[in-house]
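A.B. asks: Required output: the full structure, derived from the provided sequences and hints.
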Amino acid sequence: MEEQKHITNEEPVISIKGLYKSFDELEILKDISLEVFRGENMVVLGRSGAGKSVLIKILVGLITPDKGIVKVFGQQVNKLSPKDLNTLRLRMGFSFQSSALYDSMNVRQNLEFPLTMNVKNLSRQEINNKVEEVLHAVGLIEKINEMPSDLSGGQRKRIGIARTLILNPEIMLYDEPTSGLDPTTSQEINTLINEVQKKYNTTSIIITHDLTCAKKTGDRIAMLSNGKFVKIGNFEEVFNPDKYQEDDKQIKSFFNYNFIQ
Amino acid sequence: MINSIPRKYLFSKGVDQYFTEVYLAYKFVVRFFKEASRPPFHLREIINQCFEIGVKSLPLITLTGFIIGIVFTQQSRPSLSEFGATSWLPSLVSIAIVRALGALVTALICAGKVGSSIGAELGSMKVTEQIEAMEVSAINPFKYLVVTRVIATTITIPVLGLCCGFVALLGSYLNVHSFESTSIVSFFNNGFSTITFIDIFSSLFKSLAYGFTIGIVGCYKGYHAVKGTRGVGRAANQAVVLAMFLIFIEEVVIVQMANWIRYY
Ligand SMILES: Nc1ncnc2c1ncn2[C@@H]1O[C@H](COP(=O)(O)OP(=O)(O)OP(=O)(O)O)[C@@H](O)[C@H]1O
Ligand SMILES: [Mg+2]
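So the sequence lines, in the order shown, correspond to chains A and G.
Each step along the first sequence adds one to the number in this note's numbering, with nothing skipped, and position 83 is 83.
Each step along the second sequence adds one to the number in this note's numbering, with nothing skipped, and position 264 is 264.
These aren't lab readings, by the way, just hints derived from the structure by calculation.
Given the structure is predicted, the values throughout are model-derived calculations rather than measurements.
Among the hints, a few may not be true.
Cβ-to-Cβ under 8 Å is the rule here; a few derived chain G residues that face chain A [stated by the list, open to error]:
id : residue
1  : GLU129
2  : GLN130
3  : GLU132
4  : ALA133
5  : VAL136
6  : SER137
7  : ILE139
8  : PRO141
9  : SER178
10 : GLU180
Capping the alpha-carbon separation at 25 Å, the derived lysine to any residue pairs in SDA-like fashion look like this [what the hints assert, rightly or not]:
id : chain 1 : residue 1 : chain 2 : residue 2
11 : A       : LYS83     : G       : HIS224
12 : A       : LYS71     : A       : SER15
13 : G       : LYS143    : A       : LEU85
14 : A       : LYS83     : G       : PHE142
15 : A       : LYS120    : G       : LYS27
16 : A       : LYS199    : A       : LYS83
17 : G       : LYS143    : A       : TYR102
18 : G       : LYS227    : A       : LEU151
19 : G       : LYS27     : A       : LEU140
20 : A       : LYS120    : A       : LEU85
Beta carbons are placed, not taken as given, at the ideal position from N, Cα and C, and that holds for glycine.
C.D. replies: Written as structure tokens, this is what we have:
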């Protein structure tokens, strides 16, 4: 947050160039370019329906782009074989907007599932240790035997984050980690995101429309509007009221909305 | 991944959608065989599913089978006794149950019970992004969810059909026993005297086909559910309707095939 972390001659961990995506005739993303560097928290801000979820789903290969180059760790995501794509996906954690916990499994099984399916020959003890470690990291160890349906929205978000942490990702993608949560819980999630970045040394993309979250967690902020990034920079650069120009209505309304509330 | 219906229609919206659907279903079935033939096989999940499908459907299947056996025997008696041929009851009932009723009734019940639950389960996993969550944790959801369930129904439904047939014969025996006081040995001797290898083989083959149909249709509809709770309901509903429709078609085709083998 304090200083720009990236060194310009370093290879970006995530690089997007000239990305286009439309559904039927609806253009969602038009000529998106973005670079995220190692250890950086990049916040993507945008209105509901702007295509933020589509953007990060493209990063993990859940959605194929129409045009453009999407590289993660220097590998072009939509050109990989299924096997290589899976290897790449294991290095990325994806926390879903809806948490997407497996509702037929309890918390423990939810956390074990990605681990046992991907890492063979783990002993029971190793699995338990790992599960408890990530549950401690998100502060929900007491919920280990509960079903997802018995958890609150914020708790589900945190279990969702824990489930991605269990595979030691190098990149974390958070889709609206604080949406639908009260300010206190949001604050806890923000702290969690920063702790995760420190503890696991991850590079993150945080999708949000919550300015507090953006300010607290973001090293850099990218504003997505009408399918394009209208501004990229640190919080002060993007939200400096003096620098508003007339055509920055989008940012202005965003700013007003969040702070008047 | 995202299957968009083309905008410029070749024929009309309905016709195009129909053919798109057929093509998607075809690709789904082909993908099933591709994925099913490659490891990992998730044996434990297959066993879980067999258990889930088999044990939960067993009470309903056996009850239905039992009642069919009793009622069918009871209702056939007057017509046969007109010719004084009630001694043919065991063979008549056995033929009906082994050749047709056991497998068909089981399949229809399971299409309703198992098909709808697979459709709803996968449908809700799809709309709540659980399937995508598997994909991003490098787990192949098609293998883990679809292949295991289809294999489980293909194994389980023939077994259930066998149970259904057996219990139906038992019901029939009880009815025959209480009216004509036939012993169980002579009942089954009489009954099975007319059953041939082809009868049993074709029933088994039918059951396998029904089981496969129920599993793959439920999975297909669930896997392609559209967003929202309505999508889940529709997936479950369409899974039942389509599975039953296909089961009737298969019944007709396989019976023709069996007769062809029997008489040539
Ligand atoms: N699979 C899809 N098929 C068709 N259209 C889609 C699909 N996924 C997303 N869209 C469309 O893309 C647009 C952007 O969706 P997206 O989910 O990315 O929005 P978002 O920015 O994440 O919004 P929110 O803040 O509400 O989550 C929406 O208009 C949506 O209807
Ligand atoms: Mg979204």
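A.B. asks: With reference to the structure, classify each hint as holding or not holding.
C.D. replies: These are the hints, each one checked on the structure:
1. GLU129: Holds. Min distance 4 Å.
2. GLN130: 5 Å, holds
3. GLU132: This interface hint holds because 5 Å falls under the 8 Å limit.
4. ALA133: Holds - the Cβ of ALA133/G comes within 8 Å of chain A, reaching about 4 Å at its closest.
5. VAL136: Because about 4 Å separates VAL136/G from the closest Cβ in chain A, which is inside the 8 Å limit, the hint holds.
6. SER137: 4 Å, holds
7. ILE139: 5 Å, holds
8. PRO141: Not OK, violated: PRO141/G not within 8 Å of chain A, min 11 Å.
9. SER178: 46 Å, violated
10. GLU180: Violated: closest Cβ of chain A sits about 51 Å from GLU180/G, beyond 8 Å.
11. LYS83/A <-> HIS224/G: 23 Å, holds
12. LYS71/A <-> SER15/A: Distance of about 5 Å is within 25 Å: holds.
13. LYS143/G <-> LEU85/A: Between LYS143/G and LEU85/A the Cα gap is close to 16 Å, so the pair holds against 25 Å.
14. LYS83/A <-> PHE142/G: 15 Å, holds
15. LYS120/A <-> LYS27/G: Distance of about 31 Å is beyond 25 Å: violated.
16. LYS199/A <-> LYS83/A: Given pair LYS199/A, LYS83/A is violated - Cα atoms ~29 Å apart, limit 25 Å.
17. LYS143/G <-> TYR102/A: 16 Å, holds
18. LYS227/G <-> LEU151/A: Holds, because 23 Å separates the two Cα atoms, which is no more than 25 Å.
19. LYS27/G <-> LEU140/A: 43 Å, violated
20. LYS120/A <-> LEU85/A: Roughly 19 Å separates the two Cα atoms, so the pair holds.
In terms of the numbered hints stated before, the structure departs from hints 8, 9, 10, 15, 16, 19, listed from lowest to highest.
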